[in-house]
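*Asks:* The chain contents come next:
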Amino acid sequence: MFGSYKVKIEGELLEKVKRCSEIAGYASIDEFVTHVLEKEIKKIMPPEEGDSASAELVKKRLQGLGYIE
Amino acid sequence: MDCRAEDWGLRKIAWLGSMLLLCALSALLVSCERARGNGRSGHKLIILGIDGMDPQLLTRFMQEGKMPNFAALAAKGSFRQLTTSIPPQSPVAWSNLITGMNAGGHGIFDFIHRDPQTMELYFSASRVEPPKHSLHFGDWVIPLGSGSADQLRQGKAFWEVLDEHGVPNSVFRIPANFPPIKTKGYTLSGMGTPDLRGTYGTFSFYTDDATATAGAVEGGQIIPVELNNSQVSAKLIGPDNTFKKGSPPSTLPFTVSVDPLESVARIAVSDQEFVLKEGEWSDWVHVEFELMPLLGNVKGICRFYLKQAHPRFQLYVTPINIDPANPALPLSTPASYSRELSEDAGEFYTQGIAEDTKALSAGVFDDGEYLEQARTVLAEHRKIFDAEFPKFRQGVFFFYFSSLDLNSHMFWRLMDPHHPEYDASLAAHYGSAIEDFYIQIDQVLGEVLPKLDDQTTLLVLSDHGFAPYNRSFNLDTWLLNNGYIALKSGSSGDENEPFVNVDWRRTRAYGLGLNGLYLNLKGRERNGIVQPGAEADGLIKELKAKLLAIRDPKNNSPVITRVDVAREVYQGPYADQGPDMLVGYTRGYRAGWKTVLGAFPPEAFEDNSNPWSGDHCMDYTQVPGVLLSNHKIQADAPALTDIAPTIFAEFGITSPKGLTGHSVFQLERASR
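Going down the list, the protein sequences come from chains A and B. Per our numbering, the first sequence starts with residue 761, numbered consecutively. Per our numbering, the second sequence starts with residue 36, numbered consecutively.
Please note: incorrect hints may appear among the correct ones.
Stated by the list, open to error - Pairs of lysine to aspartate or glutamate, DMTMM-like flavour, derived with a Cα cap of 25 Å: (1) 778(A) to 560(B); (2) 778(A) to 199(B); (3) 778(A) to 198(B); (4) 219(B) to 791(A); (5) 342(B) to 415(B); (6) 802(A) to 560(B); (7) 692(B) to 798(A); (8) 802(A) to 382(B); (9) 799(A) to 603(B); (10) 768(A) to 382(B); (11) 768(A) to 791(A); (12) 776(A) to 572(B); (13) 217(B) to 798(A); (14) 766(A) to 415(B); (15) 219(B) to 790(A); (16) 799(A) to 198(B); (17) 342(B) to 829(A); (18) 334(B) to 382(B); (19) 692(B) to 816(A); (20) 803(A) to 382(B); (21) 270(B) to 816(A); (22) 217(B) to 790(A); (23) 667(B) to 382(B); (24) 692(B) to 791(A); (25) 589(B) to 790(A); (26) 692(B) to 775(A); (27) 802(A) to 185(B); (28) 799(A) to 150(B); (29) 557(B) to 798(A); (30) 557(B) to 775(A); (31) 803(A) to 611(B); (32) 766(A) to 199(B).
Worth flagging that the hints you see were computed from the coordinates, not collected in a lab. Here the structure is a predicted model, which means the values were calculated and not measured.
Same shape as in the complex, but just chain B (with noise of 0.2 Å):
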């Protein structure tokens, strides 16, 4: 054998097996790259975003068997309670979930937020601005450019780092994100959504009653009108008029013919006509606002609901909510989705908290109207659920419920014998309307459990749970009595309107938001007076001792629990814009409700006699939310800023920088 021949046979051998072994290691190295790019091929993520939901009340419910998936799931797999964001505010919270990051992070403090150069209040949320610049020609407006509507949270969504790695992702109506991000995934917007006046919600009602006090009332506007021989002539309110010199709003007219013997009544609005009974709702109705002949209409829709033809004319419609099928804001990604969504669900309402609590509030609503109302809501939401998680096929489903947090805050009154505006009597009625909305999602659930396979990870979560709001406390008024803040010579602090009569030369701090405290810190605050550093670090430390030591005059209670520094808890580029301290309320007290905006009752002490009677803008150590998960839950102490990383996690994703929490199904790291 020619050994030249043979070692060049060895050779081709070995050089043949090189590169079979070469491309073999190619070929995984390409299958680790597409399984690091696409995920796990086939995996599915389910998330069912439940808002509000507690765990005390749904290890309640589950034992008296009124909630069996839960049961079951909590059973095969795992329940924990979910740590909530600081403060435990849905905005702050959701942000958590979405970034992966606290509020230093994604910048989102409280449900309001201010400019500390102007003092200007706003939702922190999202903020929809009339165009700056215009032309004008006599009465008219012409703006140049339109408005715009801002998302202002930071940071990177959990749904753009899926679309970089190719993870498909469906998300329906999760906070805080108005206007939707660009995705390429289906998105729609849910709180933060304004109606399309651009508030968060501005209910109409017209009404013959002269002893109903009309104009503005909270989220909502009373409008008189007069009955002549059985007609009502009357006009819905659209948005701002900017094309106007004044901007006033636009209007449409409708009419409404009484029955005179019967209580029914035919209500005419453009070309639509129907014919509605007392008590009874009309479907959606498409109205059209005309801001400029010819050139500048508005579409919305709203319903309309006969509370009563006699022996008052009383007529409810809703905020005028943004046309899913005809967009005036941005709503959905892709933007023709929502149009989609209508065509398979039906109209719905788009606004970002569609349940009408200011209508109960103000007395417009009773307890049944109200609840029906907030059914239907929810009835919405489950068409919209059933129309797009049959089509889920791969990657990651979020889809969001708020019923539970916004019946939770209106009903708990009724399910809790020792609230202050506990009625024996209505109790006898609504007092099970909490748990019939915990009965509903659960039946959600059980049309997902029946879909679950070895290739399907669910998580079921809320972003805080809840508790009783008995008493308020008016941290601003407190701010003043103890010397705080100050007040121009002479004046009194306003009952009503945010820091009349402040005198922010002599203000050392104040309240703003649910949970917020701030410094009028000297180079941040237009008229600082404290200099950060050590008098800023002194002031909050004595004012830290001072509100943990307060107890209620009432029954000698402690107030607040837990003030947390925000140097301490919050990471991240936006960590100094937010409130230097967040005020934790023990359960059962909360910030008053005109502290909140600025404003000075006299009493720092307050019972809470509005039918708002649960909440959770509290010590968030006393109020969790939620995770279950048909996975064995590892983490003994999981929290809302480790989902973003368990959701990467599941598809083969490496956090991005700055997220510090990990995945919910790895045991937990000694250092957290």
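Next up, chain A with everything else stripped away, as it sits in the complex (with noise of 0.2 Å):
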């Protein structure tokens, strides 16, 4: 694992947080938090392609699910 980090949000940014993650539908507080930032990260950092797991990795692991040849 890579381990956790704790960030102290408080004040008049916390409540509009709040807000935002109710009116967005959101389950709780750390879903729009963590939601927002991997968003945000994606953008300054866009994977790469060579980063994906190959194609036939990836189609191997699937086809145990029965549903793809």
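Two chains, two separate frames, one set of hints: put the complex together.
*Replies:* Okay, here's the thing in structure tokens:
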């Protein structure tokens, strides 16, 4: 695992985070913050095509589901 | 009489009265709060989740007197069709049930998802990753940190809400819960749980038959062996060894001594030896793969099946399952619970989809062999059920059965004389296989019904129904033929590999997964060209009209009866992350085998010749599930998204925000 890191959000920002999280329909503030960070990270550090597992490996993994050949 | 004293006396009485009233009110409030906190004291809710139970088949078997317990439940309580998810695929459907939200809220849109930046494909519900950083010493690689197993479903599971309100709960094998989320209750992961190799099931088949094609087949591996002096030396294939350069698969040697005269063989693996007759299965065998001497070992379990001793040697080995007694990846909450279960009920398949449909599709199993394996899976589930159900005292007990789904997939062709793969002689032997599994589920219900009392609510439900799968429609081939997908100049589409030679700078839309149709959207896909807004809207409209107009050239029948636009049917924070359109095939049709992963078979239409002959990844209105209860279901058109609110209402819990459904025991709101 990669460990964990706590971030302190307080005051007006916390209120806005709470409101946005509710308006958008997230199940929790944690889920909202994680999703926003993931989206922002993808913008700043777009994944390289070489980062992904090989198509063959993915196919092999998925075939056990039954729905694909 | 002293008036003041009298006043005081009266005031004292009034004060005492007020205090008593206050106390009474406080007690009432506390008791209300407790009721809200802990649910209705002593109340019980049992949910049997029967994947793929179809309302038409259930009705038929009840009418034929083959399912007396279901018939009794339907007669005394209620039986309704249950509106399934869009699209009607198990990970999506069960996530609708788990969270009370549609895919826009839980983020599971299909079995298969893609990263729009890399076009990497992955299983939508969970992801298992090796460690990303490592140190290299010669041939050895020392991972820094361990790999990870991530659950990708978002939203709050109903049992998390129950935990918050102090309602005890046990949830067994529910799909889309691997690794199991942290909870106070007892859970065991189900569909989505990988085997030890990180795949969703890879069998091994050892044979000295020179005509067998060696190498990887769908969902398995054919491994050639030589029989020398009646001895076979071979290796079990374990997880990739990330401690070694190039991450080669780890292996564990085993030997087989084949009796030269009799059809038996002695198998020796590690310090275990056992004898199998031809056609016989071993018990679960514990195996251990050494990844790094003295440091890194990983444990698993597998079963051996001696298909043939003579004249050809044929030995099948199940996917190496995670050992529930020593799980290499988390399987349960609490973590020790999978061990306790294996002690109580014996070892069991831990991989999410245990029925080895691929061994049948690949011809490694015949129908009878597959059926025996599938019956074993159900027998294991029933053993776990029998061990755990009697312990249920309060709160919620959920148990999932996979058998009707997988076996309706595999045996529809022998139940339906109209199916292109129908074979009368095979049907004489196996034509009642689906019915037999329904009857077994009826037996399970027969164990539950006598336990119902005034304090107990029962829900029996399925995530979707079933339909024949006779013809395949290759969506990506159709998109290519109609100019929506462009290939790099001078190249052709690959029949097998995902999106090979696609020129993304000239491609407007692509199909992926069993029902998904995506626009190549600017700003979302790496090389997206379709502008969001008017251009995207126009393209959606155009595609929808063309898809609905398609006719099968074989019989001029309509192929697609419904196309849903994602933004119209999904609500929630993830609504824009899935497909832009959901293709709803009519009964008899499904996305073709190769198009699901973005390949281009030459023809847009093909007959489905695979034993996998029934399916449900179609127009969701044509494959509803079932909902039965011992109580009166008030909702005329209950949906999967109503189940979580029903669970909450049973315990006096207000549904969390964002849930649109409501208890099926309440009259439907006019606004629905």
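*Asks:* Run every hint past the structure and note whether it holds.
*Replies:* These are the hints, each one checked on the structure:
For the hint pairing residue 778(A) with residue 560(B), the CA-to-CA distance comes to about 30 Å; that exceeds 25 Å, so the pair is violated. About 19 Å separates the Cα atoms of residue 778(A) and residue 199(B), which keeps this hinted pair within 25 Å; it holds. Proposed proximity of residue 778(A) and residue 198(B) is supported: the alpha carbons are some 22 Å apart, at most 25 Å. In summary, the hint linking residue 219(B) to residue 791(A) is supported, as the alpha carbons are separated by about 20 Å, within the 25 Å threshold.
Straight-line distance between C-alpha atoms of residue 342(B) and residue 415(B) comes to about 22 Å, which keeps the hinted pair within the 25 Å bound. A distance of roughly 12 Å separates the Cα atoms of residue 802(A) and residue 560(B); the hinted pair therefore holds under the 25 Å criterion. Of the supplied pair hints, the one linking residue 692(B) and residue 798(A) holds, its CA atoms being roughly 23 Å apart against a limit of 25 Å. At most 25 Å may separate the alpha-carbon atoms for a hinted pair to count; residue 802(A) and residue 382(B) exceed this at roughly 42 Å.
Only pairs whose Cα atoms come within 25 Å are accepted, and residue 799(A) paired with residue 603(B) is accepted, the gap being roughly 23 Å. Simply put, residue 768(A) and residue 382(B) have alpha-carbon atoms about 45 Å apart, too far for the 25 Å limit, and the pair is violated. Restraint check: the Cα-Cα separation between residue 768(A) and residue 791(A) comes to about 15 Å, which is no more than 25 Å; the hinted pair holds. Straight-line distance between C-alpha atoms of residue 776(A) and residue 572(B) comes to about 32 Å, which puts the hinted pair past the 25 Å bound.
Distance hint between residue 217(B) and residue 798(A) is fulfilled; the C-alpha atoms sit about 22 Å from each other, no more than 25 Å. Between residue 766(A) and residue 415(B) the alpha-carbon distance is near 42 Å, which puts this suggested pair outside the 25 Å criterion. Pair hint residue 219(B) plus residue 790(A) holds up; C-alpha atoms about 19 Å apart against a cutoff of 25 Å. Between residue 799(A) and residue 198(B) the CA atoms are separated by roughly 30 Å; this puts the pair beyond 25 Å, and the hint is violated.
For the suggested pair residue 342(B) and residue 829(A), the alpha carbons sit about 24 Å apart, so the restraint of at most 25 Å is met. For a cut-off of 25 Å, the pair hint linking residue 334(B) to residue 382(B) stands: about 13 Å separates their Cα positions. With a CA separation close to 41 Å, the supplied pair residue 692(B) and residue 816(A) exceeds the 25 Å bound. Between residue 803(A) and residue 382(B) the CA atoms are separated by roughly 46 Å; this puts the pair beyond 25 Å, and the hint is violated.
The straight-line distance between the Cα atoms of residue 270(B) and residue 816(A) is roughly 22 Å, inside the 25 Å bound, and the hint therefore holds. The hinted pair formed by residue 217(B) and residue 790(A) meets the criterion: a straight-line CA distance of about 15 Å does not exceed 25 Å. The straight-line distance between the Cα atoms of residue 667(B) and residue 382(B) is roughly 39 Å, outside the 25 Å bound, and the hint therefore fails. The suggested pairing of residue 692(B) with residue 791(A) holds, with an alpha-carbon distance near 14 Å, which does not exceed 25 Å.
Our distance criterion of 25 Å between C-alpha atoms is broken by residue 589(B) and residue 790(A), whose separation comes to about 53 Å. Taking the CA atoms of residue 692(B) and residue 775(A), the gap is about 17 Å. The hint holds against a cut of 25 Å. Note on residue 802(A) and residue 185(B): the hinted pairing holds, with a Cα-Cα distance of about 18 Å set against a maximum of 25 Å. For the given pair, residue 799(A) sits about 12 Å from residue 150(B) by alpha-carbon distance, which is consistent with the 25 Å threshold.
Among the hinted pairs, residue 557(B) with residue 798(A) is consistent with the structure: their alpha-carbon atoms are about 19 Å apart, no more than 25 Å. For the hint pairing residue 557(B) with residue 775(A), the CA-to-CA distance comes to about 33 Å; that exceeds 25 Å, so the pair is violated. Annotation: proposed proximity of residue 803(A) to residue 611(B) holds, straight-line Cα distance about 16 Å (limit 25 Å). In summary, the hint linking residue 766(A) to residue 199(B) is supported, as the alpha carbons are separated by about 22 Å, within the 25 Å threshold.
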